[in-house]
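Enquirer: Spelled out, the chains give:
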Amino acid sequence: MSVVIASSSIDGGIGCWDLQTGAEQLRYKTCASPPHGLTTVGCRFLACSQLRDPSATSGHLLYWSWSKPQAQVKSFPVEPIKPLIANSDGTYIVGGGSSGDIYIWEVATGRLLKKWHAHYRAITCLVFSEDDSLLISGSEDGCVRVWSLFMIFDDVRRQQVSHLYEYSFTEHTLRVTDIVIGYGGGNAIIVSASEDRTCKVWSLSKGRLLRNVVFPSIIDAIAIDPGEHVFYAGSRDGKIYITALNAESSPSDNYGLHIIGSLTDQSKPVTCLAYSAEGNLLLSGSEDGMIRVWDVKTQNITRMFRHSKGPVNNIVIVRLPYPLGRAESKSQPSSRKHELSLPPPLEKYANSSDEDMDNKAIVMLPDTIDLPSYLSSQLINDHIKQLQQQGSSAVAEMEAKRLKADCQRSKEMFQQLRKVYDNLQEFCVNELLDEQTMEGSKGN
Amino acid sequence: MARFDQLENMYDLGLKPVMLRSLIRQYLPAENHPLNLNNSCFELPSLVSIVQTHCLLSELDSQSIDPKLINTWKSAVDDWLSCLLSLLSSDMSDKCWVGICLLGVTCQECSNQRFLSSYSIWLIKLLSHIQPPADSQLVKIASCTSLADLLTRLARFPEVKKDGNLLAGKLVQPVLKLLNEDNVEAVWEGAANLLYALIAFFPASIHHYYDKVEAAIALKILSGKYSTKTLKKLGYCLALLPKAKADKDSWSLMMQKFLISINDHLNEAFQGVEEEAKSDEARRLLVSPGKDLPLPLGGASFKGTSSERLPTATISTLMFCCCKMLTSSYPVQVTVPVRSMLALVERLLRVDGSLPHTMLPFMTSVQQELICSELPVLHAYCLELLIAIIKGMRRQLLPHSAYIVRVVTRYFKRCSLPELRIKLYSIIRMLLVSMGVGIAIYLAPDVIENASYDLNSLGGEDIETSPANTGPATGALPQLSNRKRKHGAKTGSLEEKQDAPSPKVGESNTHQMTPITVKMAALDTLEVLLTVGAASKSESWRSSIDSLLMKTAINSCKRGWGNLESNIFLPHESASVWADFQFSSLRALLTSFLAPARTRPPYLSQGLELFRRGKQEAGMKLAQFCAYALFALEVLIHPRALPLDDFYSACHNSTDGASNRFLENIYSGSQKQNTSFLSAMRRTEQGGVESHDDDLYDRWLQNENENENQNENENIPVEDMKDQTSRPNDPSFTNVLEVREQEPAAANADVHMRTENEIVVQPWHLEESVPKSQGVASAKAVMSPAVGTNPEVDGFDHVAGKTSSTLPNAKKGSSSMVHLDSDSSMDSFPGIVDADPDTDADSD
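Sequences listed follow chains A and B, in order.
Take the UniProt record's numbering: the final residue in the first sequence is number 444, and no numbers are missing along the way.
Take the UniProt record's numbering: the final residue in the second sequence is number 844, and no numbers are missing along the way.
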């Protein structure tokens, strides 16, 4: 079951719709999110960073379980966190602070594992690479940086290098608004959008700019087509520009080089985009509080979800392994267990409280399925082999038993024969004696 | 007999009851008849195989079967069972044994219905044979095994779970008794089988006896006197035991007990070869200060193992237990003491039998010899533990990954035993796969160094060749430390000196030969490294690895193809090693072709030749792979970047170029009939098709209208294509080129193929795997030259220069447009250059 979740910068909760049927599900309450602040943690539960008034010194992060509308776990990081992201199996949560620091928490324990100064100004967006081993961050200072998590966690190597990042892309001149990464592991492309009215395409393997696309207006959101033929750029003028990546474009296109078309619904600025690979749907959130579902093939709107009056600024498509709501009722005790027990809140500082936990990790051991295997026929073969060799003590024992039984039987037989013999002898002796006495009596 | 005549063939169901009855007559000894061990008994395996092959006990029940047949079959199986049960209750142990074994087979083979109706009776019957009065060993073992089979089958019916638990509970005590009171190892093995089935399928039944089971098994393991197989079986049971309680704490407690016990044994074993501080450090990690020590494994302490032998068996079994705990599923989340496990691994791997200076006077050479002889086994288990840690922790290992990498690479430098190196390679592969690109960047140098060393050194396959063949390469590579660690008995410092490179020694020494299995592991590891990390920062090592892989593949195949059929004269495992090696080398070669790179694969032509030969000549598995490789490389040679669905038909409704592209899609879509000739034609032609307001294009449109079935236009006549190919000197060709500049590498490859020989073809592997970035890059180069020279563009330069040195203007991005008849297209090239500033202006 695929659901769409969306949140807004004005408290309208987190809306949740079934993508196939369009039916609205639970609405999760009290959420005012910054852009890129909404995420699911391994599809197990929802997490969202919260907007705070500028004077607030600490951040605010909420968890919702799928089954309850109220936020169940609240965390207060040391500074306001804007973008928030979890890796695909939901073991780590990464948040970008307004000071330019990036924080990595372990979900199961809530421990702050690492924190480092990544940018000069606030982080605006965070993305994991396909295999979750690289982290890409964009910042208000216009910088896009690529981090290897392995490096971040390697305390020895960290001291040997001059900079922690793998690449730092500085070509954007203004705030980076969105980043997406394409397919292909280390050979992927990164597309970033910025307030300088450009989108830039970067090569992850070569670490440099491949293409610069200038738009008529500021782009706040991008979504990439899974075949990387084009990418979609949601703009503040309300249009979604279709921009060529792999597709060919001619210089005579109306909007500028590489821009080969647009999707438009006379709406207010487009604030967020998401692409659903099943069914090739593009979802766009707008400042008018609507979420539009586009069929990219026909370029028509197939569905609209109404979120709230305020601008929608996060859309996430989540594939749930089981239907919402039904999970608690029956049949899936294990998933239920996951769902009902949310992990503890995220810690404020590293190395606080339980130092012992540094040496440990809370892990769900991987499920292994063994086909049942039967042993009897193998055992027969083994034992027969032993029997044929006649060498092992077990066989000897068995043989001895058999011999004993034979012996017993022979003894019985012997006894019997002996008895018969005795009887016979007695009979004969008696006969003889009788005869003699008869003869004797005759003779007498 | 009359019945027999009615049978159709061997699949006739009517055959089954008849067959079963004659089997009973023939093989099963009657009640009062003495069993002749030498005859009927030895035929049991064939009896079992007949029963299993023909499913004689399955009692298929469906509507289509004649009810009379069902009844006959049922009564035959009834007879079979009554016969077995009477054997079972015989007082002759051999008869009894036959009955028990066959009942085990019956548990596996009989129908669900019959099993559910009679399993409890069978269980009670079997149970009586593992209880005193003591019976023969074979009977005991067989009953344990049959009971285990019964439980295995029973576990597949969730509806009888409760009843199953109840019945299984009755078995626990007799099993414990067997473990504790019997003194024959084989019986324990049988008991372990049963215990495993109990814990795995009916954990609740063990719950009350948790401590007793733990104590019974621990006693056996800690005594360390028995065969590895038995100990492993028992250890597995112990590792699964926490499932009986299924809570977080019992898992952690068990793990902690294992680790402490291993640690204690190591302290004892490593006295003299390790500094004291190490053992204290390991201890500190295991038990956090202020917390109580848990009870030792098994409840009470079992001290007093013989001091002459190292407790290797115990330590290795305990490590095996840890592995199993980490890799078996567990119902709840558990706390894994990662750090202390890793510390244990590091501690063990660090000990190599050399003596620290401070210990020199206290050790005798006998003691040292003892340790050195046992160390390889311990190291092997230690690496297994590391593998289990990686498997169990998966992504959550990230904070510790750097530590692991350091331990592994350090050990790699010193390790020279083949089995251990193979394990190390597999650890590296696991790390690469689970941690992805991020780790590949940092692991690459070590992998390259070790793999090149192993692949370049002499191996079994090179025996006939002179060392000169491999000589230069070996010399050029960094030498690893001298492999003869174990003789470094005197001091550590002596060894340091030996570490200096000494290539001569290495080549002449036969002990330096790398076994073929190690080479395979190295190849597999290179393959994974290429798949994961070839895209990132690989410039420094890529070309040498490509050439190494090509060389290895050629060497592996030069003496013909390995035989995949297992040779019945050889022991099982060595049967197809050679073919496996070829398989590994070809797979690695294919990966090196397909992995992203900046230049085209330099050895492609040799590689293709190799695959072609393999496809024709090699055995099934290899030929299949070679066919696959050729198939995969086809995309490399004719790159395609096909749009999603018929995206353009919709997208380009508004723009003028729309229908052109629609057309083009159809062409790329029709690549199925990919004779090289046709595809070459098509390429050339797409140039024509794409041009705006071109008469060729119009004709194509017409063509298309004629062919109503547009999407399957395989039926476009070849003559038409030829016709159009012959006209590329059309004036509109400039436009074609202009469009082409922004085009992805989709359609530009094999024109060169046709004009030049294969080697001068432009870097199409790059296009294949990075189609978009390349297309993008070339476009970029056109737009904003200020960015600097792109290597791809350089690549283009290079190729363009080779293809035709008279085309200096065609460098930027458009070398892909060189046509079959370059003379005529020459005229149009200046057009591109003119077009470039225009494009720039447009975008601004």
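Read the hints as simulated data drawn from the structure, not as lab findings.
Any given hint might turn out to be false.
Cβ-Cβ distance ranges computed for the label pairs, FRET-style [what the hints assert, rightly or not]: (1) A:L174 / B:D247: 39 to 47 Å; (2) A:F414 / B:P45: 36 to 44 Å; (3) B:T53 / A:L371: 35 to 43 Å; (4) A:Q388 / B:N71: 48 to 56 Å; (5) A:D155 / B:M430: 21 to 29 Å; (6) A:S162 / B:A627: 44 to 52 Å; (7) B:A277 / A:R319: 29 to 37 Å; (8) A:N381 / B:L253: 37 to 45 Å; (9) B:L116 / A:A405: 46 to 54 Å; (10) A:Y183 / B:S223: 51 to 59 Å; (11) B:D79 / A:E278: 30 to 38 Å; (12) A:Q388 / B:T53: 45 to 53 Å.
Negatives, chain B to chain A, calculated, CB over 12 Å [unchecked claim]: (13) S22; (14) S82; (15) E109; (16) S120; (17) L127; (18) S128; (19) K162; (20) Q173; (21) P331; (22) L398; (23) I516; (24) S544; (25) R598; (26) E617; (27) M620; (28) Y628.
C-beta: ideal position from N, C-alpha, C; glycine also.
Enquirer: Next, verify each hint and record whether it holds.
Expert: Evaluation of the provided hints:
1. A:L174 / B:D247: 39 to 47 Å: violated (55 Å)
2. A:F414 / B:P45: 36 to 44 Å: Given range 36 to 44 Å: holds, Cβ gap about 38 Å.
3. B:T53 / A:L371: 35 to 43 Å: violated (20 Å)
4. A:Q388 / B:N71: 48 to 56 Å: Given a distance of about 40 Å, which is not inside 48 to 56 Å, the answer is violated.
5. A:D155 / B:M430: 21 to 29 Å: holds (23 Å)
6. A:S162 / B:A627: 44 to 52 Å: holds (49 Å)
7. B:A277 / A:R319: 29 to 37 Å: violated (52 Å)
8. A:N381 / B:L253: 37 to 45 Å: holds (40 Å)
9. B:L116 / A:A405: 46 to 54 Å: This hint is violated: roughly 37 Å between Cβ atoms.
10. A:Y183 / B:S223: 51 to 59 Å: holds (56 Å)
11. B:D79 / A:E278: 30 to 38 Å: violated (57 Å)
12. A:Q388 / B:T53: 45 to 53 Å: violated (23 Å)
13. S22: Its Cβ never comes within 12 Å of chain A, the nearest being 20 Å, so this holds.
14. S82: Consistent with the label, S82 (chain B) stays out of reach of chain A, its closest Cβ about 19 Å off (over 12 Å).
15. E109: At roughly 9 Å from the nearest Cβ of chain A, E109 (chain B) sits no farther out than 12 Å, so the non-interface label is violated.
16. S120: holds (19 Å)
17. L127: It holds; L127 (chain B) is separated from chain A by about 16 Å at its closest Cβ, greater than 12 Å.
18. S128: holds (18 Å)
19. K162: holds (16 Å)
20. Q173: holds (22 Å)
21. P331: Violated, because the least Cβ-Cβ distance between P331 (chain B) and chain A comes to about 7 Å, which does not exceed 12 Å.
22. L398: The assertion about L398 (chain B) is violated, with a minimum of 6 Å to chain A.
23. I516: I516 (chain B) is indeed farther than 12 Å from all Cβ atoms of chain A, at 31 Å.
24. S544: Its Cβ never comes within 12 Å of chain A, the nearest being 19 Å, so this holds.
25. R598: violated (8 Å)
26. E617: holds (34 Å)
27. M620: At roughly 26 Å from the nearest Cβ of chain A, M620 (chain B) sits farther out than 12 Å, so the non-interface label holds.
28. Y628: holds (21 Å)
In this structure, the earlier hints numbered 1, 3, 4, 7, 9, 11, 12, 15, 21, 22, 25 are contradicted, and the remaining ones agree with it.
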